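Visitor: Now for the letters of each chain:
Number of protein chains: 2
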Amino acid sequence: MKRKNFYSDEEWRKIIEFSEPLQTPFIVINLDRVRNQYKELASYFPAAQIHYPVKANPAPEIIAELHQLGSNFDIASIYEMDKLLSMGVPPEKMLFGNTIKKASDIAYAFKKGLRLFATDCLSDIENIAVHAPGSQVYIRILVQGGETADWPINRKFGCHPMSSITLLEKSLKRGLIPYGISFHVGSQQRSVWQWNEALISVSQIFSLAREQGIHLEMINMGGGFPANYANKTHSIKVYATEINRYLRENFNDQIPKIILEPGRALVGNAGVLVSEIITISKKSRSDSHRWVYLDTGKFNGLIETMDEGTKYPVVMAEENEKKRVGEVILAGPTCDSVDIMYEKARYKLPLNVCSGQRLYWLSTGAYTSSFAAVEFNGFPPINSYFIGK
Amino acid sequence: MKRKNFYSDEEWRKIIEFSEPLQTPFIVINLDRVRNQYKELASYFPAAQIHYPVKANPAPEIIAELHQLGSNFDIASIYEMDKLLSMGVPPEKMLFGNTIKKASDIAYAFKKGLRLFATDCLSDIENIAVHAPGSQVYIRILVQGGETADWPINRKFGCHPMSSITLLEKSLKRGLIPYGISFHVGSQQRSVWQWNEALISVSQIFSLAREQGIHLEMINMGGGFPANYANKTHSIKVYATEINRYLRENFNDQIPKIILEPGRALVGNAGVLVSEIITISKKSRSDSHRWVYLDTGKFNGLIETMDEGTKYPVVMAEENEKKRVGEVILAGPTCDSVDIMYEKARYKLPLNVCSGQRLYWLSTGAYTSSFAAVEFNGFPPINSYFIGK
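From first to last, the protein sequence lines stand for chains A and B.
If you count by the working numbering, then the first sequence holds residues 1 to 389, one letter each, in order.
If you count by the working numbering, then the second sequence holds residues 1001 to 1389, one letter each, in order.
Note that these hints are calculated values from the structure, not bench results.
You may find that some hints are simply not true.
Stated by the list, open to error - Restraint-style ranges between C-beta atoms, simulated for each label pair: (1) A:D82 x B:C1354: 39 to 47 Å; (2) A:E61 x B:R1155: 23 to 31 Å; (3) A:K237 x B:K1323: 53 to 61 Å; (4) A:R155 x B:C1354: 16 to 24 Å; (5) B:R1155 x A:R155: 24 to 32 Å; (6) B:P1060 x A:E308: 34 to 42 Å.
On a predicted model such as this, the values are computed, not experimentally measured, just so you know.
Think of the CB as a built atom: it goes at the ideal place given N, C-alpha and C, for glycine as much as any other residue.
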């Protein structure tokens, strides 16, 4: 993995200078990158509404930046809603994107002014009808995509596409406004055509609903746009071009309102997690690889290395291509054996790397800090610092 | 799973009464159970020193209870040490059980009075020699056991048994006191004979070390004693009887000092995690199973359901064996698809179970609350309450 593929010399120098005096582990978020990513994505989908999923990184600095840019928000809980409200984000800019919500939380969100809810089952619709009367709802459907996504999301949420008609009818009958359909092709989805498969399904639902007198207006295409991890992906531009073409092909000149929920794509590339090597060892003289133990791990920012799902680029402060490298296993500092980030993937580090040196985990702006354990093994959750502007 | 196999009617009534007015999710820890488990284990190993691994559950209430009973402690970080010191536990009662530690943390622990360190590699020994001169060290070795443990711990920690001699010699040469050998057969180890395999290896190391003029005095047998989960295990008594026999067979009348580090066995059975059903749904009409979504999940107490490793008994407040039951998938409340606790295991719940009802997760006293994410999806970490005495 080459740092130069992810950071220019100048930007990298800034990261290093900023982080040098700070005690590891921590994450540096470059707000310039967040802003640029937002603007880029918005330019490719000029008619779409972007709802940033707060769960990707709930740092107030990021929320404030995106709010200023005009972003909308996707909340997963009333706690996230409270945070946004306290920062001055009006409830009309939010949607409740979690299909799993307590009746009391629906009531709370409604009382605070939220009027747009995701749903995927009869009991949730009943709760919304009772506790958020007259609200808009959209039905989340199950789509394919798990095989080609790094972090598949295609089992837990959503109903079978054909069940969505029943749910739309039920919504209407219970006084709600059946507003649209949502899907999620899976996080860090590598195959752009998965969006087309999903859109074909959605356009069928739009037709079937119309036959029942229900005029849907919106498609929430969720997230799935990639961040730059170790495995190469297409640029956001390529994704956008293709997806816009799928929309035209499936809906001709009647393209519905589009909602996007990019988390990883907006903040993933903006983060660098800085860790220190605690110890390097071999388990026996004849081991072909070294164990490299760091001061952060799966329970302190790197949970998405679970099953080695997300492969972050890991680099050192300075690159020297002439240095001989060897395979390493990267592991965290806790007394838990599952706290190993990469064992099968066999990352490579210079043979003369030693304790006290720093490793930089790129593209760690999303789904890292807020996942950290409160105090597992006594270690405090990882800090974040913000640069840019 | 029958609640009666884990709780008497009387004790269960107390749990229900205590928890009823509290808002879910939370964990109730019965300190009476912690005390009884400690006393039982101590009675089976009267000559052993018990070092409670703080990481299993770092609640001050549990630490205070065990301290009062005379327990020693195993710390994984200086943060855990600080917590113990602030509660009046003297440093002589602690060992630094984590083989992965920064040089600065070794220096800190030494300055605060800690003198017993686990280690498994040359660079760590060098750090201990420099920053904790003259301290006692014990070498952690790799042993088998992963195949028969629910939560295997046999790759990340420890060196090959034959490398331990080199490490003992190095320790001696650098002015440290080579004190003993440690191993861990894996957490929730179901095969008692794995301790014998490990002890055979340890006794060989003791002999080889003696030939080099190093007289080892101690075996740290780690943890591995089980808590009561869904799959049946032997009683602690059976484990103790067998392990004591292995010790006699391998060491005759020269049994070394024994250190035990029971975490799960001391506090696991003491906890009940109380959760509420948010929603129940089927993904399509023809689904043979229901999805049951709870207000707690993998990121808020139930991390050990990762890969469905730990199978907690899950029961309802009242049992009624006449009720018809059906298969369910149990999932948590976050917008993350990996937040599914049991999908393959197919737990069963009554067919008439509905949202708002509570599910009780038994044996959740260990490796639950401190693992919880700081604010993933905005949800706050899970609370604990303490009863007993």
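Visitor: Next, verify each hint and record whether it holds.
Guide: These are the hints, each one checked on the structure:
no.: 1; hint: A:D82 x B:C1354: 39 to 47 Å; verdict: violated (28 Å)
no.: 2; hint: A:E61 x B:R1155: 23 to 31 Å; verdict: violated (38 Å)
no.: 3; hint: A:K237 x B:K1323: 53 to 61 Å; verdict: holds (57 Å)
no.: 4; hint: A:R155 x B:C1354: 16 to 24 Å; verdict: holds (23 Å)
no.: 5; hint: B:R1155 x A:R155: 24 to 32 Å; verdict: holds (29 Å)
no.: 6; hint: B:P1060 x A:E308: 34 to 42 Å; verdict: holds (36 Å)
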